[in-house]
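A.B. asks: Each chain, written out:
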Amino acid sequence: MSDTFSYFLMAWLDPQLLLLTAVGTLAGIYVGAIPGLSVTMAVSILISFTFSWDINNALALMVGIYVGGVYGGSRTAILLNIPGAPSAVTTAFDGYPLAQRGEAGRAIGLSTVMSVIGGLLGTLVLAGTAPYLADMALEFAPRDYFLIAVLGLLLVSTLSGKSLARGIFSVALGGIIGLVGMDTVTAQPRLTLGSMELLGGIHYVVVMIGLFGAAEAFYQLHNLNQVPIKQKVDKIIPPFKMVLKYLPLSMRTSIIGVVVGALPGTGGDIASLFAYDHAKRTVKNPSSPFGEGAYEGLVAPETANNAAVGGAYVPMLTLGMPGDAVTAVIIGALVIHGLNPGPMLMIETPHIFWFTVGNLALANLFLLLFGLTGIRVFSKVVEVPKALMIPLILVLCVVGTYSINSNMMEVYWMLGFGIFGYWLKVFGFQMGPIILGVILGPLLDETYRQAMSSVGDDAGQFLLALLANPLSLVLTLVIVLVLLSQTPLKPWVRRRLSRQ
Amino acid sequence: MFKPILAPIALVVGTLALAGNAHADYPERNIQATIQWGAGGATDNVARSLTPHVEDILDTTLVLTNRPGGTGVIGMNHVMRQRPDGYNLLYGAENPQLYPLMGLADFTYDDMHAVNIIGQGLVVIAAPAESPFDSFAELLEHAQENPGELRMGGTGAGGLPSTVLAMINAVDELDVRNVTFGGDGPGITAMLGGHIDFMPLSLAAAGEQIRGGEMKGLAVVSAEELDSLQGVPPITEALPDIESFLPWGPFWGVFVHQDTPDEAKKTLTAAYEEAVANEDFQEFLQNFGAEALNLTGEEAEQYLDNWQSVTAWSMYEADADILESTPEELGIPRP
Chain A
1 MSDTFSYFLM
11 AWLDPQLLLL
21 TAVGTLAGIY
31 VGAIPGLSVT
41 MAVSILISFT
51 FSWDINNALA
61 LMVGIYVGGV
71 YGGSRTAILL
81 NIPGAPSAVT
91 TAFDGYPLAQ
101 RGEAGRAIGL
111 STVMSVIGGL
121 LGTLVLAGTA
131 PYLADMALEF
141 APRDYFLIAV
151 LGLLLVSTLS
161 GKSLARGIFS
171 VALGGIIGLV
181 GMDTVTAQPR
191 LTLGSMELLG
201 GIHYVVVMIG
211 LFGAAEAFYQ
221 LHNLNQVPIK
231 QKVDKIIPPF
241 KMVLKYLPLS
251 MRTSIIGVVV
261 GALPGTGGDI
271 ASLFAYDHAK
281 RTVKNPSSPF
291 GEGAYEGLVA
301 PETANNAAVG
311 GAYVPMLTLG
321 MPGDAVTAVI
331 IGALVIHGLN
341 PGPMLMIETP
351 HIFWFTVGNL
361 ALANLFLLLF
371 GLTGIRVFSK
381 VVEVPKALMI
391 PLILVLCVVG
401 TYSINSNMME
411 VYWMLGFGIF
421 GYWLKVFGFQ
431 MGPIILGVIL
441 GPLLDETYRQ
451 AMSSVGDDAG
461 QFLLALLANP
471 LSLVLTLVIV
481 LVLLSQTPLK
491 PWVRRRLSRQ
Chain B
1 MFKPILAPIA
11 LVVGTLALAG
21 NAHADYPERN
31 IQATIQWGAG
41 GATDNVARSL
51 TPHVEDILDT
61 TLVLTNRPGG
71 TGVIGMNHVM
81 RQRPDGYNLL
91 YGAENPQLYP
101 LMGLADFTYD
111 DMHAVNIIGQ
121 GLVVIAAPAE
131 SPFDSFAELL
141 EHAQENPGEL
151 RMGGTGAGGL
161 PSTVLAMINA
171 VDELDVRNVT
181 FGGDGPGITA
191 MLGGHIDFMP
201 LSLAAAGEQI
211 RGGEMKGLAV
221 VSAEELDSLQ
231 GVPPITEALP
241 DIESFLPWGP
251 FWGVFVHQDT
261 PDEAKKTLTA
271 AYEEAVANED
281 FQEFLQNFGA
291 EALNLTGEEA
301 EQYLDNWQSV
311 TAWSMYEADA
321 DILESTPEEL
331 GIPRP
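Taken in sequence, the protein lines are chains A and B.
At position 420 of the first sequence (counting the first as 1) the number is 420 in the UniProt record's numbering, and the numbers step up by one without a gap.
At position 301 of the second sequence (counting the first as 1) the number is 301 in the UniProt record's numbering, and the numbers step up by one without a gap.
Rather than coming from a laboratory, the hints here were simulated on the basis of the structure.
Covered by chain A, according to a simulated footprint, are these stretches of chain B (three or more residues, beta-carbon under 8 Å):
1. 58-67
2. 179-193
3. 279-292
Derived CB-CB ranges, DEER-like:
4. B:Gly103 <-> A:Val227: 56 to 62 Å
5. B:Pro132 <-> A:Phe427: 57 to 63 Å
6. A:Leu463 <-> B:Glu149: 16 to 22 Å
7. B:Gly297 <-> A:Met408: 30 to 36 Å
8. B:Pro84 <-> A:Val23: 37 to 43 Å
Sample of chain B residues facing chain A (criterion: CB under 7 Å; computed from the structure):
9. Gly40
10. Pro52
11. Ile74
12. Arg151
13. Ala157
Just so it is clear, the structure is predicted and the values come from calculations on it, not from any experiment.
Glycine included, each C-beta is placed from N, C-alpha and C at the ideal position.
Bound-form chain A, shown alone (with noise of 0.2 Å):
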């Protein structure tokens, strides 16, 4: 017990792991508010960086820059209507029309605070559970993810706006632009025109800053000279009386973040998705209507996407096994730094798990610190005049896309997507569901195949083992039950048994 409470109290009281962990989540913060730049790409850059450090110390600053980064993807998506990051996609969607009502600052006040109690919570989780939680997430068969896959197209109905026929236009067309590339199985070319360039697909993150940051900023031009909003900066940090309020809204979206998150298929983008998705439906009245300016629009994704950091961790540090793509490249770190991540390291490296929860605390912390100071000049940049923004607006997105991979192809197609997603946009299509069918498109080839294969392509196995299975025909239910709720099928039903 001793043992426990020292390895976790490690990084708080040496004062170089105190520094690096409040570096790392300070940088965090502005690696996730650049789109394109990414978590992952700074905590494997991070690997050469701290070759040559202790193990410890190379942790400490790739926590702060995991538990930084994915709440800065919420400052761009706020303020400027880009996502940082595609776990960010859905605050954007209350987030920045709190900004032009000028409340910009109390938007990103709220969304610090709750980032940082749905982070807690998910270190809390995974310090109480992550045995559990790890055996569960095992659990999840390919048959199963496909199922969260389906569920997550149901998704389309809150992310459609006015029209729900241009949405499921808008998943499908999502869906296609996912499996661009080179076929999982069978390594042929799918819909690569022949092109070499192609043969990696289409980066979703590429997809994103076309539609969310280039687009956004060509649809700007439409009111060029119209005189910015004058934020009110006065009331930044939320009182209590409205975080208590939100406090059962946030447990709740924690959870579905940490469980999430815990999944080794699934991160933050899906859990900040289904967590909105869950504000939506159970929130009877928000204090703005959803889409326009609802704080509990803010709460739930950035409640889910912290949570989902402590789940990332619960397989790595159980099993081994990455629960999303920076726990994978932190294994990485683990293993180039002699370590061996495994099912073994929690016994041959005892401090490893404690100090992790430990560094994860105070990194969020650290982030109530930061995110709340300098709110202030953050929010005026939605006072800086359009004609200065919106050409630096395209620059950063020229950027983060070329840091991506590098590659200069990849500029292209976001330009495309900009000035596609425009005209989308002058069209009344909301740019949400594309970006879910881009995300789940990929999901649901890759585990639909899995799953009839370990039937052996036999549609009937395949049916029977959605029954047979407790964790399938739970969820098997649950689609039943969205589709029965939210679609014309259940007034349909009514009328005829009223008839009768």
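Guided by the hints, dock chain B onto chain A, whose structure is given.
C.D. replies: Relative to chain A, chain B alone:
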């Protein structure tokens, strides 16, 4: 995070410097090194732990960039299109030796110059801890009585599991359901949950799980038992004929454009030979479940040709239908 932005600036400054002093010694500026697989993968881990030693020897910075996609086609294609001045390196794995066979690209490592074949990964056929099979022979027997029943984890056509399966099928018969995952990691996760029955894996990815008792090793793809994995029998115990294909494993190497000046090739070769031999790196490879090779020049070329011929012909003999061309058409000699 600054490197991608600084790199072009460094390049411009470097080019200007080169123009002013054309006879300066190589290397006089940063070297761009492309990793053809993503961050956190085996190739990435090898590249990132070897590079600091090379930097020390060459007294310059190697700017590492991951350019994944299309089983490495995109990264290799990028390096081949850069100026052949010795300032563009490729960290690659075994995949390019099969590109023409799979119809992915018309180039192989024959079209580049091999600076160093760093090492070779060891391969183990693993099963879940609760599996009813204790050796590969038992699994093979069960599969022959119940063809098409067992679920094998794979990573797609041309991946390591499919190649191992091809070798087995070239000398015996193993009919399984092939469940494809995005890589070793997702495959192992599925195995820990009992969603697949076995999977050929690199020891680097599976070693810790076997040592921790979460999975068991049925056989190592080698002619002898391995020091690093005691108690797991060699595959030749169940399939003696497979020995003609061994030793076999995925490998990692460093490559440059063929037209690179000889001076640069010589400097790089010497630097990498010394770096791979470094004690720290050797220790890393051993922990990583790999075998150091450190091959250069003729030896490296020979290794590459031999690997290609063994792999291509076993794939052809096991199932010619999945290939775009036959090894014969491509002029690959029989092993």
